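This note's numbering applies: residue 1 is where the sequence shown begins, and numbers increase by one.
Just so you know, not all the hints are guaranteed correct.
What the hints assert, rightly or not - Each computed BS3-like pair below joins lysine-lysine, with the alpha-carbon atoms no more than 30 Å apart:
#, residue 1, residue 2
1, Lys200, Lys213
2, Lys200, Lys110
3, Lys212, Lys180
4, Lys166, Lys213
5, Lys110, Lys166
6, Lys180, Lys151
7, Lys196, Lys212
Unchecked claim - Computed spacing ranges between beta-carbons, pair by pair:
#, residue 1, residue 2, range
8, Glu2, Ser181, 47 to 53 Å
9, His16, Ala45, 21 to 27 Å
10, Leu8, Ala50, 33 to 39 Å
11, Pro137, Ala50, 34 to 40 Å
12, Thr51, Ala224, 31 to 37 Å
13, Thr204, Thr51, 24 to 30 Å
Hint data in this document are derived by calculation from the structure and do not stem from the laboratory.
Keep in mind that this is a model prediction, so the values were computed, not measured.
All C-beta atoms, glycine included, are put in the ideal place defined by N, C-alpha and C.
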Amino acid sequence: AEETLASLFAEFKQKHGRVYKSTAEEAFRLSVFRANLFLARLHAAANPHATFGVTPFSDLTREEFRYRYQNGAAHFAAAQERARVPVNVEVVGAPEAVDWRARGAVTAVKDQGDCGSCWAFSAIGNVEGQWFLAGNPLTRLSEQMLVSCDKTNDSCDGGSQLKAFKWIVEQNNGTVYTEKSYPYRSCNGRTPPCIKFRRKVGATITDYFSVKKNETKVAIALAAYG
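Turn these sequences into a full structure, and let the hints guide you.
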(Lines of atoms letter the chains of each structure in order from A and count residues from 1; the text may use other names and numbers.)
(Lines give C-alpha, C1' and ligand atoms only; values in the text may rest on other atoms or scores of the structure.)
Protein backbone atom coordinates (compact mmCIF):
# COMPACT_ATOMS: atom_id res chain seq x y z
CA ALA A 1 0.00 0.00 0.00
CA GLU A 2 1.11 3.57 -0.70
CA GLU A 3 0.73 4.54 2.97
CA THR A 4 3.04 1.71 4.03
CA LEU A 5 5.52 2.66 1.31
CA ALA A 6 5.49 6.31 2.40
CA SER A 7 6.06 5.26 6.01
CA LEU A 8 8.96 2.98 5.09
CA PHE A 9 10.51 5.70 2.92
CA ALA A 10 10.18 8.29 5.68
CA GLU A 11 11.81 5.90 8.14
CA PHE A 12 14.58 5.19 5.63
CA LYS A 13 15.31 8.90 5.10
CA GLN A 14 15.44 9.61 8.81
CA LYS A 15 17.63 6.61 9.61
CA HIS A 16 20.16 7.32 6.87
CA GLY A 17 20.06 11.12 6.89
CA ARG A 18 18.73 11.51 3.38
CA VAL A 19 17.90 15.08 2.33
CA TYR A 20 17.12 15.49 -1.36
CA LYS A 21 17.76 18.68 -3.33
CA SER A 22 14.26 19.03 -4.78
CA THR A 23 10.78 17.54 -4.75
CA ALA A 24 11.54 16.10 -8.19
CA GLU A 25 14.58 14.25 -6.88
CA GLU A 26 12.64 13.02 -3.86
CA ALA A 27 9.91 11.68 -6.14
CA PHE A 28 12.54 9.92 -8.24
CA ARG A 29 14.21 8.41 -5.17
CA LEU A 30 10.84 7.22 -3.92
CA SER A 31 10.25 5.44 -7.22
CA VAL A 32 13.68 3.80 -6.99
CA PHE A 33 12.97 2.85 -3.38
CA ARG A 34 9.67 1.27 -4.44
CA ALA A 35 11.34 -0.74 -7.21
CA ASN A 36 14.12 -1.96 -4.92
CA LEU A 37 11.64 -2.92 -2.21
CA PHE A 38 9.63 -4.91 -4.74
CA LEU A 39 12.80 -6.66 -5.91
CA ALA A 40 13.76 -7.44 -2.31
CA ARG A 41 10.38 -9.06 -1.71
CA LEU A 42 10.77 -11.17 -4.85
CA HIS A 43 14.15 -12.36 -3.63
CA ALA A 44 12.74 -13.05 -0.17
CA ALA A 45 9.99 -15.22 -1.64
CA ALA A 46 12.50 -17.17 -3.72
CA ASN A 47 15.07 -17.50 -0.92
CA PRO A 48 13.28 -18.15 2.40
CA HIS A 49 16.52 -18.80 4.28
CA ALA A 50 17.98 -15.38 3.46
CA THR A 51 16.97 -11.93 4.66
CA PHE A 52 16.09 -9.16 2.22
CA GLY A 53 14.68 -5.71 2.90
CA VAL A 54 15.49 -2.02 3.20
CA THR A 55 19.22 -1.22 3.24
CA PRO A 56 21.29 2.01 3.17
CA PHE A 57 21.36 1.60 -0.63
CA SER A 58 17.62 1.29 -1.23
CA ASP A 59 17.30 4.66 -2.98
CA LEU A 60 20.07 3.94 -5.50
CA THR A 61 19.58 2.59 -8.99
CA ARG A 62 21.58 -0.47 -10.00
CA GLU A 63 23.84 1.71 -12.13
CA GLU A 64 24.49 4.14 -9.27
CA PHE A 65 25.30 1.30 -6.90
CA ARG A 66 27.72 -0.26 -9.36
CA TYR A 67 29.44 3.08 -9.98
CA ARG A 68 29.90 3.87 -6.28
CA TYR A 69 30.57 0.48 -4.77
CA GLN A 70 31.69 -1.87 -7.55
CA ASN A 71 34.01 0.37 -9.53
CA GLY A 72 37.24 -1.30 -8.50
CA ALA A 73 37.33 -4.00 -11.18
CA ALA A 74 38.37 -1.78 -14.09
CA HIS A 75 40.93 0.07 -11.99
CA PHE A 76 42.33 -3.21 -10.67
CA ALA A 77 42.62 -4.71 -14.15
CA ALA A 78 44.53 -1.68 -15.41
CA ALA A 79 46.83 -1.65 -12.39
CA GLN A 80 47.39 -5.41 -12.64
CA GLU A 81 49.00 -4.92 -16.04
CA ARG A 82 51.59 -2.63 -14.47
CA ALA A 83 52.00 -4.54 -11.20
CA ARG A 84 55.23 -6.18 -10.14
CA VAL A 85 55.53 -9.89 -10.89
CA PRO A 86 52.93 -11.80 -8.84
CA VAL A 87 54.11 -14.18 -6.15
CA ASN A 88 53.71 -17.79 -7.26
CA VAL A 89 51.97 -19.49 -4.33
CA GLU A 90 52.66 -23.22 -4.21
CA VAL A 91 49.43 -25.16 -4.53
CA VAL A 92 49.39 -27.56 -1.58
CA GLY A 93 45.68 -27.50 -0.86
CA ALA A 94 43.52 -24.68 0.41
CA PRO A 95 41.91 -24.95 3.86
CA GLU A 96 38.17 -25.44 4.03
CA ALA A 97 37.72 -22.26 6.03
CA VAL A 98 39.65 -19.40 7.58
CA ASP A 99 38.25 -16.55 9.67
CA TRP A 100 40.72 -13.82 10.52
CA ARG A 101 38.09 -12.11 12.67
CA ALA A 102 38.36 -14.97 15.15
CA ARG A 103 42.10 -14.36 15.35
CA GLY A 104 41.63 -10.67 16.11
CA ALA A 105 43.09 -9.39 12.85
CA VAL A 106 40.06 -7.48 11.57
CA THR A 107 38.69 -4.14 12.77
CA ALA A 108 34.96 -3.40 13.04
CA VAL A 109 32.91 -2.86 9.88
CA LYS A 110 33.24 0.63 8.37
CA ASP A 111 30.98 2.62 6.02
CA GLN A 112 32.28 4.36 2.90
CA GLY A 113 29.04 6.33 2.48
CA ASP A 114 28.18 7.94 -0.86
CA CYS A 115 31.76 7.74 -2.10
CA GLY A 116 33.31 5.23 -4.49
CA SER A 117 36.20 4.62 -2.12
CA CYS A 118 35.91 0.84 -1.79
CA TRP A 119 39.50 0.61 -3.06
CA ALA A 120 40.74 2.66 -0.09
CA PHE A 121 38.73 0.69 2.46
CA SER A 122 39.94 -2.66 1.14
CA ALA A 123 43.56 -1.50 0.96
CA ILE A 124 43.49 -0.06 4.48
CA GLY A 125 41.73 -3.16 5.84
CA ASN A 126 44.55 -5.25 4.41
CA VAL A 127 47.20 -3.07 6.03
CA GLU A 128 45.36 -3.20 9.37
CA GLY A 129 45.42 -6.99 9.29
CA GLN A 130 49.05 -7.23 8.18
CA TRP A 131 50.15 -4.78 10.86
CA PHE A 132 48.42 -6.89 13.51
CA LEU A 133 49.88 -10.16 12.19
CA ALA A 134 53.35 -8.59 12.36
CA GLY A 135 52.95 -8.43 16.14
CA ASN A 136 51.46 -4.97 16.61
CA PRO A 137 48.19 -3.88 18.26
CA LEU A 138 45.13 -3.97 16.00
CA THR A 139 44.82 -0.34 14.89
CA ARG A 140 42.09 1.41 12.93
CA LEU A 141 43.85 3.19 10.07
CA SER A 142 42.84 6.07 7.82
CA GLU A 143 40.99 5.58 4.55
CA GLN A 144 40.73 9.36 4.26
CA MET A 145 44.49 9.56 3.88
CA LEU A 146 44.20 7.59 0.64
CA VAL A 147 41.03 9.27 -0.62
CA SER A 148 42.44 12.77 -0.12
CA CYS A 149 46.17 12.30 -0.68
CA ASP A 150 46.69 9.45 -3.14
CA LYS A 151 46.51 11.21 -6.51
CA THR A 152 47.37 8.03 -8.42
CA ASN A 153 43.80 6.92 -7.71
CA ASP A 154 40.55 8.78 -8.26
CA SER A 155 39.23 9.49 -4.76
CA CYS A 156 35.45 8.96 -4.73
CA ASP A 157 35.47 7.92 -8.39
CA GLY A 158 37.29 4.65 -7.81
CA GLY A 159 40.78 3.23 -7.65
CA SER A 160 42.82 0.09 -7.10
CA GLN A 161 44.41 -1.47 -4.05
CA LEU A 162 47.67 -2.12 -5.90
CA LYS A 163 48.07 1.55 -6.78
CA ALA A 164 47.22 2.47 -3.18
CA PHE A 165 49.96 0.18 -1.81
CA LYS A 166 52.41 1.57 -4.37
CA TRP A 167 51.56 5.15 -3.34
CA ILE A 168 51.99 4.35 0.36
CA VAL A 169 55.38 2.71 -0.18
CA GLU A 170 56.82 5.07 -2.80
CA GLN A 171 55.19 8.42 -2.08
CA ASN A 172 54.27 8.39 1.60
CA ASN A 173 57.41 6.78 3.03
CA GLY A 174 55.49 3.59 3.81
CA THR A 175 53.43 5.31 6.49
CA VAL A 176 49.71 5.00 7.13
CA TYR A 177 47.96 7.37 9.53
CA THR A 178 45.53 6.37 12.25
CA GLU A 179 41.83 6.78 11.66
CA LYS A 180 41.61 8.79 14.88
CA SER A 181 44.10 11.40 13.65
CA TYR A 182 42.73 11.45 10.09
CA PRO A 183 39.03 10.44 10.29
CA TYR A 184 36.84 9.67 7.28
CA ARG A 185 35.07 12.75 5.90
CA SER A 186 33.96 11.64 2.42
CA CYS A 187 30.62 10.01 3.33
CA ASN A 188 28.90 12.75 1.31
CA GLY A 189 30.88 11.95 -1.83
CA ARG A 190 33.19 14.94 -1.49
CA THR A 191 36.97 14.84 -1.19
CA PRO A 192 38.55 17.22 1.33
CA PRO A 193 42.06 18.47 0.52
CA CYS A 194 45.04 16.42 1.63
CA ILE A 195 46.34 17.66 4.98
CA LYS A 196 49.16 15.67 6.58
CA PHE A 197 49.93 18.13 9.37
CA ARG A 198 49.57 16.64 12.86
CA ARG A 199 48.60 13.20 11.62
CA LYS A 200 49.72 10.24 13.71
CA VAL A 201 51.39 7.26 12.05
CA GLY A 202 49.56 4.07 12.96
CA ALA A 203 51.38 1.55 10.77
CA THR A 204 54.15 1.24 8.22
CA ILE A 205 54.66 -1.06 5.24
CA THR A 206 57.75 -1.64 3.13
CA ASP A 207 56.46 -3.70 0.21
CA TYR A 208 53.46 -5.47 -1.31
CA PHE A 209 52.76 -8.31 -3.71
CA SER A 210 49.90 -9.73 -5.71
CA VAL A 211 48.84 -13.33 -6.30
CA LYS A 212 48.22 -14.85 -9.72
CA LYS A 213 44.60 -15.08 -10.82
CA ASN A 214 43.84 -18.55 -9.51
CA GLU A 215 41.13 -19.14 -6.91
CA THR A 216 43.02 -21.93 -5.15
CA LYS A 217 46.21 -19.89 -4.95
CA VAL A 218 44.29 -16.88 -3.68
CA ALA A 219 42.68 -19.05 -0.98
CA ILE A 220 46.06 -20.45 0.06
CA ALA A 221 47.61 -16.96 0.19
CA LEU A 222 44.65 -15.68 2.20
CA ALA A 223 45.06 -18.48 4.74
CA ALA A 224 48.84 -18.14 4.91
CA TYR A 225 49.31 -14.39 4.85
CA GLY A 226 45.97 -12.86 5.76
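Comparing the hints with the structure gives:
1. Lys200 x Lys213: violated (36 Å)
2. Lys200 x Lys110: Status holds; Cα separation ~20 Å.
3. Lys212 x Lys180: violated (35 Å)
4. Lys166 x Lys213: Holds - the C-alpha atoms of Lys213 and Lys166 are around 19 Å apart, at most 30 Å.
5. Lys110 x Lys166: Given that 30 Å is the threshold and the Cα spacing comes to 23 Å, the pair holds.
6. Lys180 x Lys151: holds (22 Å)
7. Lys196 x Lys212: violated (35 Å)
8. Glu2 x Ser181: 47 to 53 Å: holds (48 Å)
9. His16 x Ala45: 21 to 27 Å: holds (25 Å)
10. Leu8 x Ala50: 33 to 39 Å: violated (20 Å)
11. Pro137 x Ala50: 34 to 40 Å: holds (36 Å)
12. Thr51 x Ala224: 31 to 37 Å: With a Cβ separation near 33 Å, Thr51 and Ala224 satisfy 31 to 37 Å, so the hint holds.
13. Thr204 x Thr51: 24 to 30 Å: violated (40 Å)
Comparing the model with each earlier hint shows violations of hints 1, 3, 7, 10 and 13; every other hint is respected.
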